[in-house]
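K.L.:
Line by line, the protein sequences are chains Y and E.
For the first sequence, the residue numbers in numbering that gives the first Met the number 0 are 0 to 97.
For the second sequence, the residue numbers in numbering that gives the first Met the number 0 are 0 to 473.
The hints are simulated quantities; they were obtained by calculation from the structure and are not laboratory data.
Take these hints with a grain of salt, some might be off.
[As the list claims (entries may be wrong)] Quick list of in silico lysine to any residue cross-link-like pairs, SDA-like style, CA-CA up to 20 Å:
| hint | chain 1 | residue 1 | chain 2 | residue 2 |
| --- | --- | --- | --- | --- |
| 1 | E | Lys-113 | Y | Lys-85 |
| 2 | E | Lys-74 | Y | Asn-62 |
| 3 | Y | Lys-76 | E | Lys-78 |
| 4 | E | Lys-78 | Y | Lys-85 |
[To be verified] Residues of chain E placed beyond 10 Å of chain Y at every Cβ, according to the derived structure:
| hint | residue |
| --- | --- |
| 5 | Val-49 |
| 6 | Asp-140 |
| 7 | Val-152 |
| 8 | Lys-208 |
| 9 | Asp-266 |
| 10 | Leu-275 |
| 11 | Ala-298 |
| 12 | Ala-355 |
| 13 | Lys-440 |
Ideal Cβ positions, reconstructed from N, Cα and C, are used throughout, including at glycine.
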Amino acid sequence: MTKKKIGPSDIEAVARLARLGLSAEEKEKFGRQLNDVLLYMEKLDGLPLEGVEPLSHVLPLQNVMRDDTPRPGLEQKQALANAPEKRDGFFKVPPVIE
Amino acid sequence: MNYETVIGLEVHVQLKTETKIFCSCPAGSGGEPNTRVCPVCLGLPGTLPVLNRRAVELALRAGAALNCGLSGFSKFDRKNYFYPDLPKAYQISQYHRPLNGAGWLEIPTAAGKKRIGVTRAHLEEDAGKLVHFEDGWSGVDYNRTGVPLLEIVSDPDLRRPREAYEYLKELRSVMRYIEVSDCDMEKGSFRCDANISLRPAGSRELGVKVEIKNLNSFKAVERALEYEEIRQRGLLERREPVFQETRLFNADLQQTISMRSKEEAHDYRYFPDPDLVPVVFPPERTGEIRGQLPELPLARLTRFREEYGLPDYDAGVLTAERSLADYYEEAAVAGAGYKSLSNWVMGELLGKLNEAGLTIEESPIPAGRLAGLLKLIEEGTISGKIAKRVFAEMFESGEEPARIVERRGLLQISDRGELEGIVETVITGHPGPAADFRGGKEAAIGFLVGQVMKATKGQANPKLVNQLLRARLS
């Protein structure tokens, strides 16, 4: 029997945040998989990490910046080309109720 | 029971850059929808953001003015949520390592200066704009998406709605002084959300807070907080719970209204943005940036009070905008009397500019010329009354005051002989008031001076007229 890191309510919360509708089987399956991932990550707890700064980027780069010079982007027609729905130059979307 | 009000403000300031924060689209406002967009700000697959150097510079300058600690290491995080105005379904912001750490802003209050803590000031990108069509559908315009914002979070140090107002005023003034932002609330380049809670006086623990949104002016912030203060006190006194929620201010009703949002707390799942590398700078930069700051409004206010002997009110009005303070100082250096200059600038000049819809930079009367006009009054060349006429003409034509005076023959009459004659005529013509004054009615002299001024079309030297009348009537 493996250790339980997360329960069904956690899976539901994560699915809700990602706007995913999961069936009962999927909840069970993804729950198991996520649990495995978390258990695997737990191995890090065994390492001596005192004084180690959290890594923010894997590339040895910093201060990559550009000048503040405008350049033309897309025309409205191009910008809207892939929109499923549009109106008056806007992307048309269903009303959002918070 | 006595309650203490605790207020904290979150201000979003739009940085004055030419382009957006992570792409080269123009950052201006207005225009046709979706005409200042590109694959980066539209969040199309396969694109990468590249940080705008100017946005970082402006943000650091703002941090320096707010006395923020700079760690020298900063990075970007993704704030995840779904909303149509957010094409990537995350906003690039700074969560763990903001560019500017803790600092403070000093504000003037009725009880003197007060230091308000600043928790942090970090960079982030703006979202798009939603419009609502009549048939219930919505439209999204992504022109604003990716415009650089500096979010300035205050500590919960404000104790009164009025203090919140003063804080915003001071913050706006500072940001404009250092030319980091236009801070135009109407154009959305300065936005504010407010957090407010009440706690029993003397308690150290914070009460349940409410966040207020939809605040479109500094006055609205103050009004909304006043309303919320009363509402929350009522709840606490009736021993009813205060819910942690977001409320919208309705300016027509002058009330805050619950958004009835879902119970669950927002979970933005912040994590480092792998598309952007850290911003690192040596600690010396801090001193360098501080050294380049102009004198800030509150320091300038204090100096105006001390150096020019101006009352608090005058110093406050004159230093609220850097350009106005510059104008005042230029005229003062050119030799105008400090207090009378202050009166002329705040009264005549600002009044006329306002009427004409002009800014101080666009003033048809340069500072040196206004100083010239005031010198004419001080030297007794023209009277204060005539000066107003000359001022109006200068405002129209931009001409030198001395030339207007000469051309119109407006020189002040300070000739004793000439004025004595007119004084005589006025006294003969108004025996009633003359007798009143002789009988001890001091106020009657004002009427007689007025008559002489009228007879000379305002050109008589009023001081001399007063003297002559008194001599003649004693």
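K.L.:
If a hint holds in the structure, say so; if it does not, say that too.
P.N.:
Right, here's what the structure says about each hint:
1. E:Lys-113 with Y:Lys-85: violated (51 Å)
2. E:Lys-74 with Y:Asn-62: Between Lys-74 (chain E) and Asn-62 (chain Y) the Cα gap is close to 10 Å, so the pair holds against 20 Å.
3. Y:Lys-76 with E:Lys-78: violated (29 Å)
4. E:Lys-78 with Y:Lys-85: violated (27 Å)
5. Val-49: violated (5 Å)
6. Asp-140: Given a closest Cβ separation of 6 Å, the condition is violated.
7. Val-152: At about 21 Å from chain Y, Val-152 (chain E) clears the 10 Å cut-off, so the statement holds.
8. Lys-208: holds (19 Å)
9. Asp-266: violated (6 Å)
10. Leu-275: Violated, because the least Cβ-Cβ distance between Leu-275 (chain E) and chain Y comes to about 8 Å, which does not exceed 10 Å.
11. Ala-298: holds (29 Å)
12. Ala-355: holds (32 Å)
13. Lys-440: holds (71 Å)
Of the hints listed earlier, those the structure fails to meet are numbers 1, 3, 4, 5, 6, 9 and 10, in rising order.
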